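We have chain Y already, so just place chain F on it with the hints.
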Amino acid sequence: MPSLLEVRELKTYLTTSQGVVKAVDGISFDVREGETVALVGESGCGKTMSALSIMRLIPRPQASIVGGEIRFQGRDLLKLGEEEMRRIRGAEIAMIFQEPMTSLNPVLSIGRQITETVEAHHPLSKEEARSRALELLQLVGISDPAQRLAEYPHQFSGGMRQRVMIAIALSCRPKLILADEPTTALDVTIQAQLLELMRDLSRRFGVALVIITHNLGVVARYADRVNVMYAGKIIESGTATEIYRAPRHPYTMGLLRSVPRLDQPRKSKLEPIEGQPPDLWNLPAGCSFAPRCRFVVEKCAQEAPPLRQVEDSHHSACWVAETLTQ
Amino acid sequence: MHQYILKRLLLMIPTLLGVAVLVFLMLRVAPGDIVELKYAGTGAFAPKEVLDQERAQLGLDKPLWHQFLSWMWGIVRFDFGNSMWTGRPITYEIWIRLELSLELALMATLVAVLLSIPLGTLAALKQDTWVDYFVRIFSIAGLSIPSFWLGIIIILGFLIFVKWLPPLTFTSFWVDPKANLTQLIWPALAVGYRYSAVATRMTRSAVLEVLREDYIRTARAKGLWERVVLTRHALKNALLPVITVIGLEFAFLIGGLVVTEQVFNLNGIGMLFVESITRRDYTMTQALVLLVSFSFIFVNFIVDLLYAWLDPRIRYQ
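So the protein lines, in turn, are chains Y and F.
Be aware that the first sequence starts at 397, since it is given in our numbering, and climbs by one per residue.
Be aware that the second sequence starts at 885, since it is given in our numbering, and climbs by one per residue.
Treat each hint with caution, since some may be false.
DSBU-like mimics (lysine-lysine), calculated; alpha carbons at most 35 Å apart, straight line [said to hold, decoys possible]:
#1 Lys407/Y x Lys1010/F
#2 Lys1010/F x Lys475/Y
#3 Lys571/Y x Lys1120/F
#4 Lys932/F x Lys946/F
#5 Lys922/F x Lys891/F
#6 Lys571/Y x Lys418/Y
#7 Lys1010/F x Lys522/Y
#8 Lys522/Y x Lys475/Y
#9 Lys475/Y x Lys1120/F
#10 Lys1047/F x Lys1062/F
#11 Lys407/Y x Lys571/Y
#12 Lys1010/F x Lys418/Y
#13 Lys522/Y x Lys1120/F
Hints in this document: simulated from the structure, not taken from any laboratory.
From a predicted model like this one, the values you see are computed outputs, not experimental measurements.
Excised from the complex, chain F in its bound form:
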């Protein structure tokens, strides 16, 4: 098992390296560069020499391989460089936003898990009754309603009916948990609802499938309480596919909540991502892509560990 964990951790390195090469090249294929965009924004005329000088300052005049290697050399020393746009260290720029994005992703996941597992199980147990229909409509609605729209509706609902607006400035959880939660619970609900839709449907079908298994009949024949049959025997088996879905969604949430962040005025990783791409902020975008890839790989790793923990057939291979 330890060997397996070590192997998985080491395998992350070539994967991330591949991602690094790809994002580096793709960014440079995109037309325009940060210097042009900076000056285009001011509306003033800038002579070519000024632009070239700026480029030289950012190291953009060097050959591609040189740029890539020096970037890589930095990463090895955990030095991601400075943002080409703001000039501040990238680790700082990401760090101040990561807390928010991570917290939001965790809360949305919590909302999704708390909604989807009970609802999906209930729907499976009451298959083809009004409970099941209700859950299915609820989850289809979740799939079809974009979370930013739901976010807008939540905000408007508060404004119109309670004349109250969720706080618009971020307070760290460690500073004031109450203020922090009153701000983040609403985007977490909006995102978590959509997120739960997929997981609910997954839970429902997995539980339905497992309930038809022979070992469930055995469990009942042993005279176990229905509650035990459901939790110990059915859910433990049914959760495997659900965990995969939840894990992948979680990784997506870290960098993918662009519009929801806009709606709730949250300065998170998603927003930073879009900004840095439109500004051709190469160093920032590269670092963000690496961060998101790392989250995906890491979450997958955790999911695999959970699998092994839940299913002995995997553990002993």
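Here chain Y stands alone, though its shape is the one from the complex:
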């Protein structure tokens, strides 16, 4: 399948009062048409910043994209003018955000927030836009859509708001949806419902999905391929099966061990990853994970390991990837 999105050596830096943070430090990954790709990592690893870079919505002036390419359907998004980029946002690439409570405008009706998206990209009449919004609300499983169109965000629960966000994201039939921790702020039961909904709809319309999450459970169930990020870099990538069966990076191994699993005895202990999360202003010279790594060798402190192939589509940025054992 051809690649829909190709991110190459993307670098997004943040200027803060304490210095420059390499929030995204040369990441490359592909999203093929219709597939679901996960970007996994703990908070602060640069996953949100990567998604915002693709949308070219990084917070200015603190953040800037200093290098790389983001090719979407063959066009480098970083070279597009503002108006060209606007036509892609919402229409070709849509985004769903983490906080359903604050991501919808409190003073505009739900209907308006859906129709304005459609109207920004298609020459539709008011009536057509409205019936499109109605159809979308039905699609995301909101009952009594005709009445709810006239309501406001504060009259919706968190899960319902996120459904509205999904409706907005789907409104122009995009090729790609970036979902930034779409369910993190919600109840566990609602999380599953929403993820199912997103999977069903993305399959139905052939939309590619990039799910940004720190939740490996989500990854295992819904992603075709996985990119694990640590301190602004992708340190392991591969199919979901590859990464689950045989992680090839100490950080991924640690992540997997620190999550409770139903297929293991209840008494087996959770093992947290040792040490502190990386100090982004002061990363070590070699591998960023070296200070916390159990398998550290001399070379790790001197030179950062590149992301290299270890199996078919499985890549790891670890000097000793081949010799790692659980």
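Positioned in the frame of chain Y, the structure of chain F alone reads:
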């Protein structure tokens, strides 16, 4: 919603009653009364009997509660009595000045809104650029320059550079709009500039705050034009605090433009207010205080309605 409006309207009554009691008592605590002041002005000697007779004529010899109740009884029938100084009906005295004061307040508000909302928004959008610095200096200057001084400068400027003076006698807008506007636009500018300073700063900070909200990012992610993001999404939210400031200022303008009225030779409510207080014209002062309180309460009411109109979270409570 209708119930809410009705409740707010009814609540005005106890508030105004409280104001009435307060102003009535405070005026009588102030030393001297209108009769003494009247005779002091003439320089002639007046025997005590004459003063007492005058007082009896104005009803000032009655006990306080009696005076208060008869005043209240009048108000209930919309009869505010006569001015103790001029003897003319208070409604007449206020009416002939209210047109001017109201028009000036409206024009100054218009000037302030037209200046502050675009400037404040622009400053927020161009934060920390020379545009922002210019707007901030402009608004700080507005805060620091008294409007009467600006008024004097405007008049002097015209006199010196164009050898022209804005008309000094008031013509009603309905009689001759052109003459009316050529007179009132200058005080409106002087007052409106100062007024806009507060609102500009308010707009700037509100827009800055709103632009950082998640829903603005959502709006951009939907591919809306930047213009739509700004007007439909940012401004509609940012205007809430600005409207409060504008509303309160407006109420103040109705009775508070004492010095500006002097500078531009305008016979407005502000001037009448000061005159009636210095003359201990009890009935007039009481009526004016009630008028100004009513404007404040009424404007607040309108602001609340605007809030409900702009923000559905308030509307549905």
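So, going through the hints one by one against the coordinates:
1. With a CA separation close to 26 Å, the supplied pair Lys407/Y and Lys1010/F stays within the 35 Å bound.
2. Between Lys1010/F and Lys475/Y, the direct Cα distance comes to roughly 24 Å. Compliance with the 35 Å bound is thereby established for this hinted pair.
3. For a cut-off of 35 Å, the pair hint linking Lys571/Y to Lys1120/F stands: about 32 Å separates their Cα positions.
4. For the given pair, Lys932/F sits about 17 Å from Lys946/F by alpha-carbon distance, which is consistent with the 35 Å threshold.
5. As the CA atoms of Lys922/F and Lys891/F are separated by approximately 45 Å, the hinted pair breaks the 35 Å bound.
6. Of the pairs offered as hints, the one joining Lys571/Y and Lys418/Y holds, with about 29 Å between alpha carbons and a cut-off of 35 Å not exceeded.
7. For the hint pairing Lys1010/F with Lys522/Y, the CA-to-CA distance comes to about 34 Å; that is within 35 Å, so the pair holds.
8. Taken as a hint, the Lys522/Y and Lys475/Y pair is honoured in the structure, with Cα atoms around 34 Å apart against an allowance of 35 Å.
9. With a C-alpha separation of about 33 Å, the suggested pair Lys475/Y and Lys1120/F falls inside the 35 Å cut-off, and the hint holds.
10. The suggested pairing of Lys1047/F with Lys1062/F holds, with an alpha-carbon distance near 20 Å, which does not exceed 35 Å.
11. Proposed proximity of Lys407/Y and Lys571/Y is supported: the alpha carbons are some 24 Å apart, at most 35 Å.
12. Taking the CA atoms of Lys1010/F and Lys418/Y, the gap is near 26 Å; set against the 35 Å cutoff, the hint holds.
13. Taking the CA atoms of Lys522/Y and Lys1120/F, the gap is about 21 Å. The hint holds against a cut of 35 Å.
In summary, the structure is inconsistent with hint 5 from the numbered list given earlier, while agreeing with all the others.
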